[in-house]
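Novice: As a plain string of letters, each chain reads:
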Amino acid sequence: DGGITQSPKYLFRKEGQNVTLSCEQNLNHDAMYWYRQDPGQGLRLIYYSQIVNDFQKGDIAEGYSVSREKKESFPLTVTSAQKNPTAFYLCASSATTVRNSPLHFGNGTRLTVT
Amino acid sequence: GNSVTQMEGPVTLSEEAFLTINCTYTATGYPSLFWYVQYPGEGLQLLLKATKADDKGSNKGFEATYRKETTSFHLEKGSVQVSDSAVYFCALLTQGGSEKLVFGKGTKLTVNP
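Chains A and B are the protein sequences, given in the same order.
Mapping the first sequence onto the working numbering, position 8 (from 1) lands on 16, and the numbers just tick up by one.
Mapping the second sequence onto the working numbering, position 93 (from 1) lands on 185, and the numbers just tick up by one.
To be clear, the hints were calculated from the coordinates, so they are not data collected in a lab.
Mixed in with the good hints, there may be bad ones.
Unchecked claim - Dumping the calculated SDA-like pairs for lysine to any residue here, alpha-carbon to alpha-carbon at most 25 Å:
| id | chain 1 | residue 1 | chain 2 | residue 2 |
| --- | --- | --- | --- | --- |
| 1 | B | Lys197 | A | Lys79 |
| 2 | B | Lys192 | B | Ser175 |
| 3 | B | Lys160 | A | Asp46 |
| 4 | A | Lys17 | A | Arg52 |
| 5 | A | Lys17 | A | Pro83 |
| 6 | B | Lys192 | A | Phe96 |
| 7 | B | Lys141 | A | Thr105 |
| 8 | B | Lys144 | B | Lys197 |
| 9 | B | Lys197 | A | Glu77 |
| 10 | B | Lys160 | B | Tyr131 |
| 11 | B | Lys148 | B | Glu100 |
| 12 | B | Lys197 | A | Asp67 |
| 13 | B | Lys144 | A | Thr85 |
| 14 | A | Lys17 | B | Tyr131 |
| 15 | A | Lys79 | A | Ser30 |
| 16 | A | Lys78 | A | Thr13 |
| 17 | B | Lys144 | B | Gln187 |
| 18 | A | Lys65 | B | Asn94 |
| 19 | B | Lys144 | B | Gly93 |
| 20 | B | Lys152 | A | Gln58 |
| 21 | B | Lys192 | A | Thr85 |
| 22 | B | Lys200 | A | Thr120 |
| 23 | A | Lys65 | B | Glu100 |
Model the full assembly from the supplied sequences, consistent with the hints where possible.
Specialist: See below:
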């Protein structure tokens, strides 16, 4: 079945460590996105990529980095510069643009930093 | 700036009750409007959308009408089921080339048998 795989489901890190969240899709979608979800808040866009080897900052990119070396993969690194990294992270993809095709989401990774 | 305001939850209903979840927006021009649903333990999935004023989006018994005059996109369902228990997010996408969906905070719905 086609879909988006995020791993791991739960991730624990110590403060000061960088951590990379995995996102893989086998939908052959061009565009991929990373969102952050905090309790009582809507989703906020961190980074997005519409094509391999290119990506753009979203609304809350500070303290995060991404790469898009392959069409099916869009890993997110949460760096030690991110002041409040504990959150639920959702990866998504769309066939073309979000205007023309719906977002497909993974099941998320819950990151806890202590 | 662009924003979406949803009614605060949680909302608790009995099975077969009528559902309304209010959503209003602030945006320049004519945004596209969406409802996404997040079932427990899962990512979000698109429920319905409307791209211009007076359009009605519908899916799985849910409906929402794009009202430009009241800047609203309220979600309704005539008879909810236990399986509708989820968190519902209203979202907008502004005109132009932006890829930035703006989401509301979400409304948690619990339907009891």
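Novice: Evaluate each hint against the coordinates.
Specialist: Taking the hints in turn, this is what the structure says about them:
no.	hint	in the structure
1	B:Lys197 to A:Lys79	30 Å, violated
2	B:Lys192 to B:Ser175	30 Å, violated
3	B:Lys160 to A:Asp46	30 Å, violated
4	A:Lys17 to A:Arg52	19 Å, holds
5	A:Lys17 to A:Pro83	14 Å, holds
6	B:Lys192 to A:Phe96	19 Å, holds
7	B:Lys141 to A:Thr105	15 Å, holds
8	B:Lys144 to B:Lys197	23 Å, holds
9	B:Lys197 to A:Glu77	32 Å, violated
10	B:Lys160 to B:Tyr131	29 Å, violated
11	B:Lys148 to B:Glu100	23 Å, holds
12	B:Lys197 to A:Asp67	16 Å, holds
13	B:Lys144 to A:Thr85	37 Å, violated
14	A:Lys17 to B:Tyr131	16 Å, holds
15	A:Lys79 to A:Ser30	13 Å, holds
16	A:Lys78 to A:Thr13	15 Å, holds
17	B:Lys144 to B:Gln187	11 Å, holds
18	A:Lys65 to B:Asn94	17 Å, holds
19	B:Lys144 to B:Gly93	20 Å, holds
20	B:Lys152 to A:Gln58	30 Å, violated
21	B:Lys192 to A:Thr85	20 Å, holds
22	B:Lys200 to A:Thr120	23 Å, holds
23	A:Lys65 to B:Glu100	29 Å, violated
Hints 1, 2, 3, 9, 10, 13, 20 and 23, counting from the list given before, are not met by this structure.
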